[in-house]
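A.B. asks: Here are the chains, one letter per residue:
2 protein chains.
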Amino acid sequence: MSTRPTSKADTKAAAKITPISGFPEYLPSERIVEQRFLDVIRETFELHGFSSVETRSIEPIERLSAQGEDTDKEIYAVSRLGGGAEDDARWGLHFDMTVPFARYVLENAGKLAFPFRRYQIQKAWRGERPQEGRYREFTQADIDVVDVGQLSPHFEAEMPLVIADVFSRFPVGEFVIQVNNRKIPNGFYQGIGLTDVIGTLRIVDKLDKIGPEKVKAMLVEAGATDAQADQCLALAAIRSTDLGFVDEVRALGVEHPLLDEGLESLADVIRTGMTHAPGRLVADLRIARGLDYYTGTVYETQFVGHESWGSFCSGGRYDALASDGKTTYPGVGISIGVTRILGLLVGRGLVTASRSTPAAVLVALNDDESREGAVGVATALRRRGIACEVAPSPARFGKQIRYAERRGIPYVWFPGAGESGDEVKDIRSGEQLPASADTWTPPSEDLTPLVTRVDG
Amino acid sequence: MSTRPTSKADTKAAAKITPISGFPEYLPSERIVEQRFLDVIRETFELHGFSSVETRSIEPIERLSAQGEDTDKEIYAVSRLGGGAEDDARWGLHFDMTVPFARYVLENAGKLAFPFRRYQIQKAWRGERPQEGRYREFTQADIDVVDVGQLSPHFEAEMPLVIADVFSRFPVGEFVIQVNNRKIPNGFYQGIGLTDVIGTLRIVDKLDKIGPEKVKAMLVEAGATDAQADQCLALAAIRSTDLGFVDEVRALGVEHPLLDEGLESLADVIRTGMTHAPGRLVADLRIARGLDYYTGTVYETQFVGHESWGSFCSGGRYDALASDGKTTYPGVGISIGVTRILGLLVGRGLVTASRSTPAAVLVALNDDESREGAVGVATALRRRGIACEVAPSPARFGKQIRYAERRGIPYVWFPGAGESGDEVKDIRSGEQLPASADTWTPPSEDLTPLVTRVDG
Chain V
1 MSTRPTSKAD
11 TKAAAKITPI
21 SGFPEYLPSE
31 RIVEQRFLDV
41 IRETFELHGF
51 SSVETRSIEP
61 IERLSAQGED
71 TDKEIYAVSR
81 LGGGAEDDAR
91 WGLHFDMTVP
101 FARYVLENAG
111 KLAFPFRRYQ
121 IQKAWRGERP
131 QEGRYREFTQ
141 ADIDVVDVGQ
151 LSPHFEAEMP
161 LVIADVFSRF
171 PVGEFVIQVN
181 NRKIPNGFYQ
191 GIGLTDVIGT
201 LRIVDKLDKI
211 GPEKVKAMLV
221 EAGATDAQAD
231 QCLALAAIRS
241 TDLGFVDEVR
251 ALGVEHPLLD
261 EGLESLADVI
271 RTGMTHAPGR
281 LVADLRIARG
291 LDYYTGTVYE
301 TQFVGHESWG
311 SFCSGGRYDA
321 LASDGKTTYP
331 GVGISIGVTR
341 ILGLLVGRGL
351 VTASRSTPAA
361 VLVALNDDES
371 REGAVGVATA
381 LRRRGIACEV
391 APSPARFGKQ
401 IRYAERRGIP
411 YVWFPGAGES
421 GDEVKDIRSG
431 EQLPASADTW
441 TPPSEDLTPL
451 VTRVDG
Chain S
1001 MSTRPTSKAD
1011 TKAAAKITPI
1021 SGFPEYLPSE
1031 RIVEQRFLDV
1041 IRETFELHGF
1051 SSVETRSIEP
1061 IERLSAQGED
1071 TDKEIYAVSR
1081 LGGGAEDDAR
1091 WGLHFDMTVP
1101 FARYVLENAG
1111 KLAFPFRRYQ
1121 IQKAWRGERP
1131 QEGRYREFTQ
1141 ADIDVVDVGQ
1151 LSPHFEAEMP
1161 LVIADVFSRF
1171 PVGEFVIQVN
1181 NRKIPNGFYQ
1191 GIGLTDVIGT
1201 LRIVDKLDKI
1211 GPEKVKAMLV
1221 EAGATDAQAD
1231 QCLALAAIRS
1241 TDLGFVDEVR
1251 ALGVEHPLLD
1261 EGLESLADVI
1271 RTGMTHAPGR
1281 LVADLRIARG
1291 LDYYTGTVYE
1301 TQFVGHESWG
1311 SFCSGGRYDA
1321 LASDGKTTYP
1331 GVGISIGVTR
1341 ILGLLVGRGL
1351 VTASRSTPAA
1361 VLVALNDDES
1371 REGAVGVATA
1381 LRRRGIACEV
1391 APSPARFGKQ
1401 IRYAERRGIP
1411 YVWFPGAGES
1421 GDEVKDIRSG
1431 EQLPASADTW
1441 TPPSEDLTPL
1451 VTRVDG
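Residue numbers (this note's numbering), protein chains in the order written: chain V, 1 to 456; chain S, 1001 to 1456.
Warning: the hint list may mix true and false statements.
[Claimed, not checked] As a list, the in silico BS3-like pairs of lysine-lysine whose alpha-carbon atoms are at most 25 Å apart:
#, chain 1, residue 1, chain 2, residue 2
1, V, 73, V, 206
2, S, 1123, V, 123
3, S, 1073, S, 1123
4, S, 1111, V, 16
5, S, 1206, S, 1073
6, S, 1206, S, 1216
7, S, 1111, V, 399
8, V, 73, V, 209
9, V, 326, V, 111
10, V, 16, S, 1073
11, V, 111, S, 1016
12, S, 1326, V, 16
13, S, 1326, S, 1111
14, V, 73, V, 123
15, V, 216, V, 206
16, S, 1399, V, 111
17, V, 326, S, 1016
18, S, 1016, V, 73
[Unchecked claim] Sample of chain S residues lacking proximity to chain V, with all beta carbon distances greater than 12 Å (derived):
#, residue
19, 1170
20, 1230
21, 1240
22, 1446
[What the hints assert, rightly or not] Estimated spans, in silico, between C-beta atoms of each pair:
#, chain 1, residue 1, chain 2, residue 2, range
23, V, 393, S, 1209, 40 to 48 Å
24, V, 393, S, 1271, 15 to 23 Å
25, V, 452, S, 1208, 47 to 55 Å
26, V, 21, S, 1402, 46 to 54 Å
27, V, 416, S, 1240, 31 to 39 Å
28, S, 1039, V, 21, 32 to 40 Å
29, S, 1251, V, 431, 51 to 59 Å
30, S, 1209, V, 349, 54 to 62 Å
31, S, 1405, V, 274, 28 to 36 Å
32, V, 129, S, 1149, 39 to 47 Å
33, S, 1431, V, 349, 49 to 57 Å
34, S, 1324, V, 348, 27 to 35 Å
35, S, 1453, V, 348, 46 to 54 Å
Hints in this document: simulated from the structure, not taken from any laboratory.
The beta-carbon is built from N, C-alpha and C at its ideal position, and this holds for glycine as well.
Can you make the complete structure from the sequences, with help from the hints?
C.D. replies: Structure follows, in structure tokens:
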């Protein structure tokens, strides 16, 4: 692998440099916010005992394209520029982590320990029309638990706790995880005599967009009676932060075994949330989340005050995350739309980093001859985990301090500046004190860039 | 963004599940080795004050394809499956970090602080014929320093120190960073009267493959005299871990101002290496590293005992990393072939992880009713940074312990097992002791998976 080929292209193509819509890039200080968010996600997933998996970026097109015509069009096909016909359009870039993970489970089933708890934080690509909050290249952070044959229902209650833990460790602001169970509408619709469950769900799912009157009209048009349509709307209006939703559903007077199962299961999830993540979970019986593959609990997440951006974190339970025809692997998972969240938080300046470099210290240079000593100071600081750089040139100290200021580096180190040795200056306060590279440590809030919420 | 679409494809395409050659994937315990390596790289780059940049995965094809026909063929073109003609083959996946970084510098020049120290750890794609140590999808970890107009030469000495620091923190085994300066052969060839510098370099670069006799024959065929060819071979044979190479070159009796510059510059790099990374740098006058873009120091890195795998980490100095026609941005950088190194270390089992999950503790379950208490224990452990999971079901304790064993989880926690409260068992030694979730901490070597070299 020739690791550093030429970049001669630059001069030639310089005139054409433009961003590509839907493919976001960050400046260094913004990237620090992204990294911190990714670090928090990973750290939290690992604390909860999820193992990392990373899959290749491509899958065979036929594996990606069984999702329906609309999705197919959004797949990015990949082919070698110099390839023959056999190379063309065999592969596409994955558009989520679920399809590749399902394939990974089937491919490695004999080598994995089930129930298998995995997280996966990777880029995905989707040829959508770019708009605010939607991207063509984006990072997703998924957790899933997958088992063989049967999956214990308590995992459905565990998923939102992990997500609540992530969002409590990063300044995203207020959020609500909305939970439903697909068995509730499924049983309820059957209980009131509507047999086209998917068709009904599809219409009710439009509530946020078109409102209850139009939904009712569509339900009636599809064959429901006025009373059935009203019952569907009544169910969808139920929302509670405690177990109150059970009685509210019961009060509608509908009976069906699937409905009972769904209510019991959702009650377990909400009860667990009330104990371990109080105030974060809401039973919201309007949530449908994908129409034909989730079979149990479903999740969506909204940031309070930014509901119009839609769900930033969604998922649910599949009876068949993967299947090879003989063995079926049920799973439950949830996915954080990292790029989408950052598009809001960074794009609107709600979260910022205190500097544009990891360096906490700039080691100043008295003259070119003292570079070796300055590198020695830097090496000693690094050995103790303090990120730093040596000034690029022995310019006037004022200029070296401005070099640090422009990058937000809080400390400048002056080798041999004091009577007894080195000194270090906090360039924000101007305070300069004697210090030894073998013992000095900055306050912990200065050790790495501070990532903070701006609006409070 | 619908974050979790269906995976219905799986059943359908299950029969076709096969790895894709050149697109490596790891099992969870191998992935832990990869993550640790990436963590060490990132941590070291940040300690040295490099800022992270991540660029989009695609670039316009014309930006990628100015590298010559051979490289062009290896570019993966990307186009939307449902796209019209205007979508086709406009974009390709980047095949390194240098082309995108050069574009990023030009695009954001007004917002970056120069000299700009950046690192970039990302996937790249190249449609090479797959073979051991070569991949089509691979991760590169680059550092570069880029400045405006002029770049201080000390950065050329700094790059290999950072790399030596990375490799001293991860069990890669013995390695040697080979350094040369392109001005040395350039000046030397001109000094002995050979004007086709690139042509000569191209032939001498084949030394490792075809040996000195064939190289000499080719040089003579290209127009060199016997004596000139011998001089070229004599230069290429020089190699020293100290400044001895200067006298060895001088002894060849060739004079040229560019040669003087090159020797002085390489002496600075080696001298810095002798002080700050003793034993790691070698002046090797045979190294050419890319033929028409490096203009100063060039680097290659080999693992001792694995020389046949070639260089794992290469780079050099460019006079024009990027240019917009008005302003030129010189740079120096070096790139770690992460996937290639892991292909060796993981592929041959030289480095392994002690477990397949981040979890250090499995919290056992007495019965279904005690799940809430077990989750409470897990929450308390996580709050103090101890990764854990709760047993999936209240099976017999022997079965729960085997669950931990299969994953390499070292500790099983038994809530309420002792007279005064909980107990924790080290399942390797069998020792079981009283413990409180608010105070117990595993030894640091058990807190995260141990990543160790197997061959010593």
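A.B. asks: Provide an ascending list of the numbers of those earlier hints which the structure does not satisfy.
C.D. replies: none
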